[in-house]
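Q: Using the sequences and the hints given, assemble the complete structure.
Positions 1 to 138 (UniProt numbering) are the ones given, in order, by the sequence shown.
Simulated crosslink set (BS3-like; lysine-lysine; CA at most 25 Å straight-line): (1) LYS46 with LYS32; (2) LYS32 with LYS14; (3) LYS93 with LYS110.
In short, the hints are calculated from the structure, not lab data.
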Amino acid sequence: MRGTLEENFNYIYKYSQNKDLLDRTQLNKLIKEFKLENKLKTDIRKLSGGEQAKAQFIRTLLLNKDYILLDEPMASLDFGTRELVEEKIKLLKEENRAVVLVTHDFIQAKKIGEKIIFMENLELVGIYNPAEFFNSML
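A: Set out below in structure tokens:
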């Protein structure tokens, strides 16, 4: 990503052929919720890792897709922002969207996962519901 944070968000509106994008009011609400209002004019490369992760998550939500793949979206986020992202993921699930979350955080997987696909050394170990998975770990 290049340019300012604001330019990155505007790029999606300008070039996306997706007709289901969130409107700008919803985007502004997300920017406020994730506390990025004062970063809009900042070059994206100068944002902290956590700020970049927030921006990437907002961009994902902005696309408003039915299927969402998140690869370690909370890796560089503080506790409060992690909770906000978890809330947003739960809302996506309530809207019947499919969310695939890649994480190394077992607590997070237990908290928000409906199915756990456990892999080790690039091999599929099994597919579990959270209770079954964590009972088998004891």
